[in-house]
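Visitor: Which chain is which? The protein sequence lines are A and B, in order. The first sequence runs 1 to 272 under this note's numbering. The second sequence runs 1 to 271 under this note's numbering.
Sample of chain B residues with no beta-carbon within 10 Å of chain A, all distances over it, derived: (1) W6; (2) R35; (3) I45; (4) R86; (5) F142; (6) P200; (7) R217; (8) E222; (9) A236; (10) P246; (11) I255.
Below, a list of computed lysine to any residue pairs in the SDA-like style, where the Cα atoms sit at most 25 Å apart: (12) K267/B x Y245/A; (13) K262/B x A249/A; (14) K262/B x L246/A.
For the record, the hints were derived by calculation from the structure and aren't laboratory data. The beta-carbon is built from N, C-alpha and C at its ideal position, and this holds for glycine as well.
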Amino acid sequence: MLGRQLCDLSGLVALVTGAGGGAQGGLGAQIALQLAEAGAQVAVNDLTAESAEATAAAIRQQGGVAEAFPADVADPQQADQLVARVIERFGKVDILVNKAEYHSAAHRPDQIPLEEWQRSVAVNVHAPFYLSRAVVRDMRTREFGRIINVSSIAAIRTSVLYGVPYVTTKEALYGFTRHLATEVAQHGITVNAILPGFVVTPKLAAAWPEERIAKLAPTIPALRAGTPEEIASLVVYLASPEAGYLTGAAIPIDGAVSIVPGGRFDPENCFV
Amino acid sequence: MAEERWLEGMVALVTGAGRGEDGGGGAGIARHLARRGAKIAVNDISEEFAMATVEQIRQRGGEAIAVVGDVSNPEDAERMVDEVVRAFGRIDILVNNAAISGLIPAVERLPDEIWHHQLAVDLDGPFYMCRAALRYMIPQRFGRIVNISSFAAVRTGFVGGVTYTTAKTGLLGLTRQLAYEVGQYGITVNALMPTGLLNPRVLRLRPDWVQGEGPHRAIHPEEELGWIVAYLCHPAMTAISGAAIPVDRGMSNGIGDFAELKRRSGKDTGD
Chain A
1 MLGRQLCDLS GLVALVTGAG GGAQGGLGAQ IALQLAEAGA QVAVNDLTAE
51 SAEATAAAIR QQGGVAEAFP ADVADPQQAD QLVARVIERF GKVDILVNKA
101 EYHSAAHRPD QIPLEEWQRS VAVNVHAPFY LSRAVVRDMR TREFGRIINV
151 SSIAAIRTSV LYGVPYVTTK EALYGFTRHL ATEVAQHGIT VNAILPGFVV
201 TPKLAAAWPE ERIAKLAPTI PALRAGTPEE IASLVVYLAS PEAGYLTGAA
251 IPIDGAVSIV PGGRFDPENC FV
Chain B
1 MAEERWLEGM VALVTGAGRG EDGGGGAGIA RHLARRGAKI AVNDISEEFA
51 MATVEQIRQR GGEAIAVVGD VSNPEDAERM VDEVVRAFGR IDILVNNAAI
101 SGLIPAVERL PDEIWHHQLA VDLDGPFYMC RAALRYMIPQ RFGRIVNISS
151 FAAVRTGFVG GVTYTTAKTG LLGLTRQLAY EVGQYGITVN ALMPTGLLNP
201 RVLRLRPDWV QGEGPHRAIH PEEELGWIVA YLCHPAMTAI SGAAIPVDRG
251 MSNGIGDFAE LKRRSGKDTG D
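Okay, chain A solo, but in the shape it has when bound (with noise of 0.2 Å):
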């Protein structure tokens, strides 16, 4: 085993999805550029080809192989399709990262617009869902799969960013990690969700004044907020063959904020 490499990824094929922007995206971007560092082939999905294409450049500027593969996947049969296509190019999907994502703005819970709601549920909950059903289909032919569901601390503990439907969905992500990985473990699947905290991506830094992000970082336990790149290593592990065992797991990745003791709700600071 001396110098065998860990998180080899060689071989493998990974759909990720809400992957755009390329350097200027977020952390979707970044899982996609590290899966392919690790060595495997990946179909970038975002909303517009531009976008998805703007990292599939960025992978194959760097020696790898990546494809664009614009789709909205909230919408069943552009999510199947999305996977027929991705399968027709690349023979097959092994790991897949539901990373798209909608963030509900924060409204007084009387007053949720019912879209801002019916959005959360189809981007958050009922999208993973679409490319999981296939994306299983596939795996189970070699028995070999890894699902990764990015959902967010949100999913165990509140948000002030996001409001209602933001947590709401994120944690119904992680049940239907957990009933998934029930269902498939006996097949070589495993399924998990990680729950990053607040993470600066170039996406994030381009949208914030700098001194909101720096009034957020002495709350947090590691005074500084997290790196795509940190986000992106653990999805490479667990995304490779020897996080076999590991499934229907829910992983924060977020400096220890999700274990600080709570606080007073302060809507002065949340609600648009």
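Position chain B against the provided structure of chain A, taking the given hints into account.
Guide: Coordinates of chain B only, in the frame set by chain A:
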């Protein structure tokens, strides 16, 4: 012994509470809350179902009305809450009990229709009902919401499939975040996670599902589940909110035998 009526003057809406004697957790909760003095709005999907529980409550001297509608329809949710307020002047208690469970195919064979319908009733429904009730609870600065989840919310469904586990887990998120946000208005939101609830219809169909006796006996809907709901709805009970409380006689934390559970439930794991 006269029962303490700490819910006197309060108005409760219990979803999925129909079928009276033949009902499950919802009917039991509705009957218990009535015993504690609350006026009850019994929701179910048909007039016949809802009236069965309404009649039971009235026969025992309680006050009750039927509100018929589908919790998974946001317009129905608002209309039903409006009906309760029109009839009784206010709404203090909302118990989200309506849910669909039962055996379904494994994920890889699960049709969109089953997934969407069950999630709509089990997860969207409680959200629509909470949102509708909070329109009244927030201005009156008082409310008690109890969501009936399941121990499936921290493990996996014993009888229910992936949609049940997903929805009941999401319901804990709804409970926790709502509790966090509406505590400032004098409103508490809690979830109960019963397992092995005595349900006459289920018992008839599958007597092997509820097998325990004595200290392992099934949870009684009215005497036990209803009592816990009434306790959480006590006007002075403000300290517990955002909780997910197992109602399981302490049994659910044992490590179960997956093969045996599969055999007994007929659970489809796609093999």
